[in-house]
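2 protein chains.
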Amino acid sequence: MTDALPTGATIGILGGGQLGRMLSVAASRLGFRTHVFEPSTNPPASHVADQITCATYEDADALRAFAGTVDVITYEFENIPTSALDLLEDLKPIRPGREALRVSQDRLTEKTFLQDLGLQTAPFADVPDAAGLEQALQDISAPSILKTRRFGYDGKGQARIMQESDAPAALSDMEGAPAILEGFVSFSHEVSVIAARGLSGEVSCFDPGENVHRDGILHTTTVPARLNQSQRMDAVLLASKILNALEYVGVMGVELFVTPQGLIVNEIAPRVHNSGHWTQNGCTVDQFEQHIRAIVGWPLGNGQRHADVIMENLIGDDMDRVPALVKQADCAVHLYGKSEAKPGRKMGHVNRIQPSKRPNR
Amino acid sequence: MTDALPTGATIGILGGGQLGRMLSVAASRLGFRTHVFEPSTNPPASHVADQITCATYEDADALRAFAGTVDVITYEFENIPTSALDLLEDLKPIRPGREALRVSQDRLTEKTFLQDLGLQTAPFADVPDAAGLEQALQDISAPSILKTRRFGYDGKGQARIMQESDAPAALSDMEGAPAILEGFVSFSHEVSVIAARGLSGEVSCFDPGENVHRDGILHTTTVPARLNQSQRMDAVLLASKILNALEYVGVMGVELFVTPQGLIVNEIAPRVHNSGHWTQNGCTVDQFEQHIRAIVGWPLGNGQRHADVIMENLIGDDMDRVPALVKQADCAVHLYGKSEAKPGRKMGHVNRIQPSKRPNR
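Residue numbers (UniProt numbering), protein chains in the order written: chain A, 1 to 361; chain B, 1 to 361.
In isolation and in its complexed conformation, chain A is listed as follows (with noise of 0.2 Å):
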């Protein structure tokens, strides 16, 4: 365990919402001390990390005493602002490295990498501006989607053209940021890889979850997904080819769409990810710990699966089943300890458990 941070050292994690909540459990299971960055009051990873700064991104004091308490620095989302990275990492090592997080912040980019490594993506154009869209639509055509390069999640930042005189209505809904017209994939459904790569290189992947979304945001991912076995072996190894590309540190989801013409890598996230929230009961180790040993430079853990789980996301007002989902003995609920229940806010998954029809461990 060369550069390994001994148990008792302290993790930094830029962003105070579930999943820091969850790296940041996962962290003191190993004996870890975490402290949280997060512009917000009262996040949900304040009540569970050991320390917890509330300040922007823009706060170089507060970024420049968050680093003098932490040995590695972390994130729960990509979009952390260039400039707190720039200051953060000539003072403590960032992982997963910005590398990662300069191809997935931006929807051009990511898409030029992993077409560079060989791999299948949806059709894609830049859309610089009004002049971009139209030469974009000749070479995609309509129906297709057009997505702001940087800072979408959840269905955010996106507009459908399913026919040209769309465009000019898709254009102004990108605020003027720039975009990516992106062509229409027909696919059968979407998988995801929860993968992780430790400091030293060896690489290990969860088993493939199959995602359903609703509203554009995730509503259920099951293990086992449906993918026959040299579609599994497709998704572990295209997986593994994009985190050994960037020599990545850490827990990445690759989510992709399954087709006759092979998969096609739709999106990659370089953190945890909702869609691996299943291994937290179907596994030994699971993606929250894993991601703690690799950037903290412990070995890989046992990440193979034990169970059949279906992950449903408890979504605004799902949160009045939880009194009916606690009852239910198949179910393990995830509340993340957030006061408000707005509509599409994130309040906790449920993972429904079943012993494993194909135990492989």
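Simulated from the structure, these hints should not be mistaken for lab results. Warning: the hint list may mix true and false statements.
Pairs involving identical chains hold if they fit within one copy or between any two copies, as the list cannot separate such chains.
Within a straight-line C-alpha distance of at most 20 Å, the following computed EDC-like cross-link-like pairs (lysine to aspartate or glutamate) qualify [what the hints assert, rightly or not]: (1) LYS241 / GLU255; (2) LYS241 / GLU99; (3) LYS92 / ASP50; (4) LYS346 / ASP317; (5) LYS92 / ASP3; (6) LYS327 / GLU202; (7) LYS327 / ASP3.
Given chain A, put chain B in place with the hints provided.
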């Protein structure tokens, strides 16, 4: 869920050691916050609790302030000073309740309580003084073991009397504290039942584990324990009898000696128990979440076992083995974040997991 606390409520925990730490983590999983009360500085639970009060149990102001911030109070150890409990119970519910503490804080009261329930215990006699010891030795005879009535743990406050001439030295080891003489029990092995009782009276027991001690400290717990079907049933029934008699709310550890004449109750602990740590990797809902569910008035969870587990405590310089243990695929490592690995100090534990040969869920 009458009287159930809503997610987001705050649970007060007396004691900030590893049990308080793991209770705190389990509470966070269900969206609860925790406030830990602990006299020593930098206790393990403080790294994961939402709030920490560092004060003595004699500090009435601190206890009152603590009670003011919480919705229910629980504890990780049974030897809480009575004066603190008297103060707190007027302010907030304490679960498990006072009767369980009264019984388990005093070995004589506990043994009498168990006997009155019709359960088997080791032969015992009250030893208020030297004359009492002489009388007790006539009733029970050597070899036997003299124990302080209160404040014993991990083999402390105990002295063996192998022959009558050992009596004076044993008595002086008690340092004037009221004691109890216990006869030796000839048993093949020790098991423990981790039992839970909910606020509405339902009882759920985890599968009994088999315990091996070293130097008076728990070394390993193995599930399944060596018990035949009838012994397994007896173990669960007698644990339920104890919990029901105390109108208990929460998780209790019940240690049993297995003898040809049946199961003999060694000791009860009104809290989560070291011999229940295997549940973290063997069950969907572990002993810590089960305890939290009980004390907040939620339904008990699914404690069925899905794997065979050997839990081993990591004590003192066992910490040197951690780099090797985290490489092993069958090991789930749990560390407590204690800074100094003193001899005899519980630093963590490892759960070695095997798919169950006798799945029961």
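Hint-by-hint comparison with the structure:
Proximity of LYS241 to GLU255 under the C-alpha cut-off of 20 Å is restricted to the intra-copy arrangement: shortest distance 14 Å within a copy versus 52 Å between copies. Taking the shortest Cα distances, LYS241 and GLU99 sit within 20 Å of each other inside one copy (15 Å), while across copies they are farther apart (61 Å). In this assembly of identical chains, the alpha carbons of LYS92 and ASP50 lie at most 20 Å apart only when taken from the same copy (19 Å versus 26 Å across copies). For the homomeric pair LYS346 and ASP317, the shortest alpha-carbon distance inside one copy (10 Å) is at most 20 Å, but the shortest distance between copies (43 Å) is not.
Proximity of LYS92 and ASP3 under a CA criterion of 20 Å is satisfied intra-copy only: 13 Å inside one chain copy versus 48 Å between copies. Taking identical chains as interchangeable, the C-alpha atoms of LYS327 and GLU202 lie at most 20 Å apart only when they sit on different chains, with a minimum of 12 Å there against 40 Å within one chain. In this homomeric assembly, LYS327 and ASP3 come within 20 Å of each other (Cα to Cα) only across copies, at 16 Å, whereas the closest approach inside a single copy is 45 Å.
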